[in-house]
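Novice: Chains as they are written, first to last, in this note's numbering: chain R, 1 to 273; chain H, 274 to 591; chain W, 592 to 917.
Calculated directly from the structure, the hints in this document are not laboratory data.
Treat the hints loosely; a few may be bogus.
[Claimed, not checked] Lysine to aspartate or glutamate pairs mimicking DMTMM-like chemistry, simulated, CA-CA at most 25 Å apart: (1) Lys441/H with Asp230/R; (2) Lys714/W with Asp578/H; (3) Lys456/H with Asp262/R; (4) Lys505/H with Asp880/W; (5) Lys505/H with Asp903/W; (6) Lys505/H with Glu906/W; (7) Lys714/W with Glu727/W; (8) Lys456/H with Glu483/H; (9) Lys505/H with Asp679/W; (10) Lys505/H with Asp578/H.
[Unchecked claim] Distance windows between CB atoms, simulated: (11) Gly798/W with Glu500/H: 30 to 38 Å; (12) Glu500/H with Glu796/W: 51 to 59 Å; (13) Trp444/H with Ala106/R: 36 to 44 Å; (14) Glu796/W with Asn159/R: 47 to 55 Å; (15) Asp609/W with Gly161/R: 41 to 49 Å; (16) Gly451/H with Leu248/R: 29 to 37 Å; (17) Phe218/R with Val344/H: 44 to 52 Å; (18) Leu248/R with Leu672/W: 49 to 57 Å; (19) Pro183/R with Glu727/W: 54 to 62 Å; (20) Trp379/H with Glu727/W: 27 to 35 Å; (21) Ala106/R with Ala356/H: 53 to 61 Å; (22) Gly409/H with Asp262/R: 32 to 40 Å; (23) Leu672/W with Pro407/H: 53 to 61 Å; (24) Arg4/R with Ala356/H: 38 to 46 Å.
Every residue gets a Cβ at the ideal spot worked out from N, C-alpha and C, and that includes glycine.
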Amino acid sequence: MKLRANLVIGGTLFALAVLVGVLAPWLAHTDPVLDANLMNAEEPPSWTWWFGTDDQGRDIYSRVVYGARVSLTVGIVSQLINSVIGVALGLSAGYWGGWWDDVVNALTNVMLAIPSLIFALAIMAVLGPGLTSLLIALGLTNWSFTCRIARASALSLRNQGYVQAATVLGYGDLRIMMTQLLPNMLGPIVVIGTLGMGSAVLSEAALSFLGLGVRPPFPSWGSMLSDARDQITTAPWLSVFPGLAIFLTVLGLNLLGDGLRDILDPHSRSRRT
Amino acid sequence: MEAVEGRKKVPMLSFLIRRLLQTIPTVLAVVLLVFVLFSVVPGSIVSSMSDDADPQVELRLKKQLGLDDPVHVRFGAYIAKLATGDFGTSFRTREPVTAMLAKRAWPTLQLIFAAMAFSVVLGVPLGFIAALRPGGLVDSAAMIVAVTGLSIAKFWLGLVIMYVFALKLGWLPSFGYGDGGLKYLLLPALTLGVSPMALFARTTRAAVLEIMTADFVRTARSKGMSETRVVKWHVMRNALVIILTTVGLQFGGLMGQAVVVEKLFSWPGIGSLLVDSVLQRDIPAVQGSILVVVLAFLAINLLVDLLYGVIDPRIRYA
Amino acid sequence: MTGAPLIEVEDLRIDLDDGERRVAAAEGISFRIDRGETFGLVGESGCGKSITALALIGLLRPPLSIGAGMIRFDGREIQHLSAAAQRDLRGNRIAMIFQEPMTALNPVSPVGRQIAEMFVLHKGNSWREAHQLAVEALASVRVPAPERRVNDYPHQLSGGMRQRVMIAIALACGPDLLIADEPTTALDVTVQAEIIELMRNLCAERGTAILMISHDLGLVANVCRRVAVMYAGRIVEERGSADIFRTPSHPYTQGLVDSLPRLGSRAALGRSRLKEIAGVVPAITNFPDGCRFNPRCAHATDICRSVAPTADLLEAGGLVRCHHHA
């Protein structure tokens, strides 16, 4: 019962967030950047301004709706990059073993030694702010869990009869990895990926909050909160809605990940992710 | 009689030395990474520092900062300086980075340990209580709190806490370090501690639930112990091993998140130094801050490994 | 053996409730054990022998529970006692040894402490006194250098040593009944004999009754005065140990006896192979009607497939649950 509640609530929240992002142009009341009008500055939430307006008179509701695009793009794409890197490294390391395994292990240890948000910050420092930089920074810094899981599965799978049968049949390494190993480790990888998307959304928000994310004035939930901080005494509503949007999106992904884990990865021991 | 393996204890010291040696390659790799990352910066750092693109000024600046040597020479010099505890000179303030870091180390340590203490003291018992009656009221409530705590953005939570406790209720200062007292520490530490608390509650719950199915717990019950005693005498210490792992790993996460929280509350720690330096492209300060954070994280994990030896006798005899 | 039996089990049923339906994992279990007696419960894994033992010591946990029947210990019904009253019995008067000495001890607690707990729990000793008593307990199970061994952790001991520690724990409070669930299955053959010998001698000295549970009929018959054979949740035959070998009455027991390797006869018969019982044990949710052994029984007739046999008294003493018993 609880299992289904996780999946349903999580899936709904995430689907809703995606829908809002996709349909942003139709859902938004005004243009999130251009429709600034100082006449409407700092209006509290009302029937006209659902979530209120900021100090430049921009409609917060429209900005939150458009902000979904940044958060979800970064969340989904950067986690995909992480998953691909993690699976590629972990799978090949576990399958081939030897020096390559040592290299991958060393690399993973280094990654685990640097807190991922700080690593992302460093990369942003080098690349400068912007959406592409965000995707790269967050896509390169959170693959170690995936890598470890993929490596462990590959290690245990490679001695299974059907994998060895494929070797005997003369299948190439790449083909064996893609057709025999990968499908059998997909469950946990998907679970980690879902949870990782949640943390990528949080990291994007954090970096944008620090002024290292998407360039203003384009709306991102993190940078909106950064603006809101300075006006918390005069316009507290500015802080409410972007934060709520982040919370609901991440909550959806976390619940979805937990629900998927119950289904796909019933033997998972630790819930450490 | 039956053979008994491993009576002689491997002394703690040699264990420590072995672990230290294992850490060295990681440290070197991180140093290299941090160095390379900032040596491949597209465009000249110097040109981004000064608005007037006078080539002569630029050249002089470069020479002054030692940026015109070949990369490997610079790396060698960098390592040599690091070994003496010299992190270089800040582009921005012309101060030695080591001194800047030293000034800011204490506030960050305060913040991180306060947050860690708060999250452990609250999260671990919460997980225990939840696990004793899985599916019960406390369990459900605890798990809702936990998933909420993990899903909330730290700086948003901080904003809300700041608004309520500082601005509306006026109980505590809204930001700044002040005299470094508890008054100033409370809100940032609370903000930073919420998501580790949630994580510890979840990990503890899962660990306890798993240990409760172990054979030795059945043995304990067969001795005629109450469930409370079973947990106190047999489950707790075993759960501690798993909780400790999570705590050790979580220090890394906390150091990352501290950056955001320090910035939000204008807390003068290494995190805000890092952000300010990144924003102003003060490369030596960025490198220094990152290295210090990584070294601290590795040191803490070393400490955690030593604690394992104390808690779990099996480790000592590895 | 005089007076009332130490423990008496009557028509015990153990239910398995998987949330959707409730099935009897064991039913109609009746037996008695006198003071100081040795009694064996034999059967294949999944026949219900271990859960019967757990029921006696009050350790059944959901989804398992006692569905019906009675357990009388020392003249008192214990199946509905409060949790606290059950704890007073458990460990103190009824003790249990488990199969896996590797995992049955807490890995992060010194073995001495795990023995000492018994004295603190049931005898009101201080930890200091209990520690001294633990040293004595270790000595009594013939662990060499017990003063040193008390501080060892389980991983520092061999399997046989660990099982000695388990015996020391179980016998610490001088229980009236020791339940031993496959106590030697996980051990080397040479160590097995030592452990069995030790357990038997200590219990004989102290007048402790033994309920021994095993899949190994030979071992149980060797240790115990009387033996009950379980199949698919029911006791199918209960006899004196000597009788059950000489004249097994139930076809299942006959099968078990035939499948035992016997040194003398095997050599005499030359290349004769050990006999196996054809077929497999039915699943708990899918017990056949009538006699549960009928699908595997060579002598099965129509009545076996429809009517569950009752327990019949045998002239030579003992009980059997078979329509066609000799």
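Novice: Indicate, hint by hint, whether the structure satisfies it.
Specialist: Hint check:
Using a Cα cut-off of 25 Å, the hinted pair lysine 441/H and aspartate 230/R holds, with the two alpha carbons roughly 16 Å apart. A C-alpha spacing of about 39 Å is found between lysine 714/W and aspartate 578/H, which places the hinted pair above 25 Å, so the restraint is violated. Of the pairs offered as hints, the one joining lysine 456/H and aspartate 262/R is violated, with about 43 Å between alpha carbons and a cut-off of 25 Å exceeded. At roughly 47 Å between alpha-carbon atoms, lysine 505/H and aspartate 880/W are farther apart than 25 Å, so this suggested pair is violated.
Proximity of lysine 505/H to aspartate 903/W is assessed by CA-CA distance (about 50 Å); at most 25 Å being required, the pair is judged violated. For the hint linking lysine 505/H to glutamate 906/W, the alpha-carbon distance of about 54 Å lies beyond 25 Å, and the restraint is violated. Among the hinted pairs, lysine 714/W with glutamate 727/W is consistent with the structure: their alpha-carbon atoms are about 15 Å apart, no more than 25 Å. With a C-alpha separation of about 40 Å, the suggested pair lysine 456/H and glutamate 483/H falls outside the 25 Å cut-off, and the hint is violated.
A threshold of 25 Å between alpha carbons decides the hint, and for lysine 505/H with aspartate 679/W the separation of about 19 Å falls inside it, so the pair holds. Distance hint between lysine 505/H and aspartate 578/H is fulfilled; the C-alpha atoms sit about 23 Å from each other, no more than 25 Å. For the pair glycine 798/W and glutamate 500/H, the supplied restraint of 30 to 38 Å holds, since their beta-carbon distance comes to about 32 Å. Between glutamate 500/H and glutamate 796/W the beta carbons are some 34 Å apart, a value that contradicts the proposed interval 51 to 59 Å.
Taken as a hint, the range 36 to 44 Å is violated for the pair tryptophan 444/H and alanine 106/R, whose Cβ atoms sit roughly 49 Å apart. Distance hint for glutamate 796/W and asparagine 159/R: a CB-CB separation of about 51 Å, consistent with the stated range 47 to 55 Å. Distance hint check for aspartate 609/W and glycine 161/R: the Cβ-Cβ separation is about 33 Å, which falls outside the suggested range of 41 to 49 Å. Against the hinted window of 29 to 37 Å, the Cβ-Cβ separation of glycine 451/H and leucine 248/R comes to about 35 Å, which satisfies the hint.
Between phenylalanine 218/R and valine 344/H the C-beta distance comes to about 36 Å, which lies outside the given range of 44 to 52 Å. In this structure, leucine 248/R and leucine 672/W meet the distance hint of 49 to 57 Å, their C-beta atoms being roughly 51 Å apart. Between proline 183/R and glutamate 727/W the beta carbons are some 60 Å apart, a value that agrees with the proposed interval 54 to 62 Å. In this structure the hint that tryptophan 379/H and glutamate 727/W lie 27 to 35 Å apart at CB is violated, the actual value being about 55 Å.
At roughly 22 Å, the beta-carbon separation of alanine 106/R and alanine 356/H lies outside the given 53 to 61 Å, and the hint is violated. Distance hint check for glycine 409/H and aspartate 262/R: the Cβ-Cβ separation is about 19 Å, which falls outside the suggested range of 32 to 40 Å. One distance hint, 53 to 61 Å for the beta-carbon pair leucine 672/W and proline 407/H, is violated here, with the actual separation near 25 Å. Between arginine 4/R and alanine 356/H the C-beta distance comes to about 58 Å, which lies outside the given range of 38 to 46 Å.
When the structure is compared with the earlier hints, violations turn up for hints 2, 3, 4, 5, 6, 8, 12, 13, 15, 17, 20, 21, 22, 23, 24 and for no others.
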